[in-house]
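Peer 1: I would like the entire structure built from these sequences, with the hints used as guidance.
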Amino acid sequence: MRRSILLRKRIQWLFGLLMAICFTIHPLQIHALGAIQDSGKSAEAVEQAKALYSTVEQMYQHVLEGNTNLVNQDLKQVTSIFENSALQKLTTVEGIHALSESIIEMKAAVARVQVDPEDWLTASAKLRMAADSLYNQKKPLWLQYYKLIREELSEMKSNIERGDLLAVKLAYEQLHNHYEIIRPAVIIQRKPADVTMVDSWLSYTGGLVNAVSPKPEQLQNMIKQGEEMFNGLFGKRKDYPALAPLNQVNGSWPWVLWAAAFIFVMLAYTAFRKYRGERDSIKKITPK
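The opening residue of the sequence shown carries number 1376 in the numbering used here; numbering runs sequentially from there.
Incorrect hints may appear among the rest.
Unchecked claim - Straight line, CA to CA, 20 angstroms or less: simulated SDA-like cross-link-like pairs of lysine to any residue:
1. LYS1451 <-> THR1467
2. LYS1464 <-> THR1454
3. LYS1482 <-> LYS1464
4. LYS1532 <-> ASP1569
5. LYS1544 <-> SER1588
6. LYS1522 <-> ASN1552
What the hints assert, rightly or not - Derived Cβ-Cβ restraints for the label pairs, each shown as a range:
7. SER1578 <-> LYS1522: 20 to 28 angstroms
8. SER1429 <-> GLY1582: 23 to 31 angstroms
9. SER1455 <-> GLY1582: 37 to 45 angstroms
10. GLN1595 <-> THR1443: 41 to 49 angstroms
11. LEU1516 <-> LYS1482: 17 to 25 angstroms
12. LEU1541 <-> VAL1488: 30 to 38 angstroms
13. LEU1516 <-> GLU1419: 21 to 29 angstroms
14. VAL1587 <-> ALA1418: 52 to 60 angstroms
15. SER1417 <-> GLU1548: 35 to 43 angstroms
16. SER1455 <-> VAL1587: 49 to 57 angstroms
17. LYS1464 <-> ASP1539: 48 to 56 angstroms
18. GLU1548 <-> SER1455: 44 to 52 angstroms
These are calculated hints, taken from the structure and not from any lab test.
A quick note: this is a predicted structure, and the numbers were derived from the prediction, not measured.
Beta carbons: idealized from backbone N, C-alpha and C, even for Gly.
Peer 2: As structure tokens, then:
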């Protein structure tokens, strides 16, 4: 009898605790999201991001046209907007640093005595992706690279199966180059831990690909991890728990905890009912 009362009290206490946690989860989430939305994303900063995006887009078109004079003018305007803006209100410190590095890289390409069209195009593409990522945060251009990267992962996998390690290396280099173009944009929109994970994967996989005697089994394992990682990085639902965008994770995790808490409570209640039933049945057959 004493054990029964004690068990019942423990279950009631546990039930109360879990319900309290569940009821506080959603308000906390709303408060957190509100803090993010009101974290200084002022109209002024948004307008500055728009001006930067428009100027960079114009510069990119001038690079494609090979108009060096207009590219120089555009770059000066880009620098002025960046230096006199409050863009830090729209992204993290790492994001601002990535944008700054993209501008510096473009300046370095333009400053070279001998014009290298490929360098100009690569640097302007990086800056374009970064500026777009800052302004078009819901549908940025860099997400369009998902298909390219997945195709290159598939090429790596199929070439490993065929034993063509040179083709594996070429596919990896293409993937790496494509990611480098969007990396500043990724830094602006994703968490530092996500960026570090991709960088580590690229570094380790590059080491395997360029080894004197590449091991196909290790490469296959890394490609599988890469597929899941890039799915998460690009916000694909199948793998989003690994590297999900903040808005996707915040929208789902409270309900997961709700479900887990509910199942746990029901299991505890079922166990208690079973225990009580067994206790009562024992009482019935016990001789008086």
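Peer 1: Next step is simple, just say for each hint if it's right about the structure.
Peer 2: Now for the hints, and whether the structure bears them out:
| no. | hint | verdict |
| --- | --- | --- |
| 1 | LYS1451 <-> THR1467 | violated, 24 angstroms |
| 2 | LYS1464 <-> THR1454 | holds, 18 angstroms |
| 3 | LYS1482 <-> LYS1464 | violated, 24 angstroms |
| 4 | LYS1532 <-> ASP1569 | violated, 23 angstroms |
| 5 | LYS1544 <-> SER1588 | holds, 12 angstroms |
| 6 | LYS1522 <-> ASN1552 | holds, 14 angstroms |
| 7 | SER1578 <-> LYS1522: 20 to 28 angstroms | holds, 24 angstroms |
| 8 | SER1429 <-> GLY1582: 23 to 31 angstroms | violated, 41 angstroms |
| 9 | SER1455 <-> GLY1582: 37 to 45 angstroms | holds, 42 angstroms |
| 10 | GLN1595 <-> THR1443: 41 to 49 angstroms | holds, 46 angstroms |
| 11 | LEU1516 <-> LYS1482: 17 to 25 angstroms | holds, 22 angstroms |
| 12 | LEU1541 <-> VAL1488: 30 to 38 angstroms | holds, 35 angstroms |
| 13 | LEU1516 <-> GLU1419: 21 to 29 angstroms | holds, 24 angstroms |
| 14 | VAL1587 <-> ALA1418: 52 to 60 angstroms | holds, 57 angstroms |
| 15 | SER1417 <-> GLU1548: 35 to 43 angstroms | holds, 42 angstroms |
| 16 | SER1455 <-> VAL1587: 49 to 57 angstroms | holds, 50 angstroms |
| 17 | LYS1464 <-> ASP1539: 48 to 56 angstroms | holds, 49 angstroms |
| 18 | GLU1548 <-> SER1455: 44 to 52 angstroms | violated, 36 angstroms |
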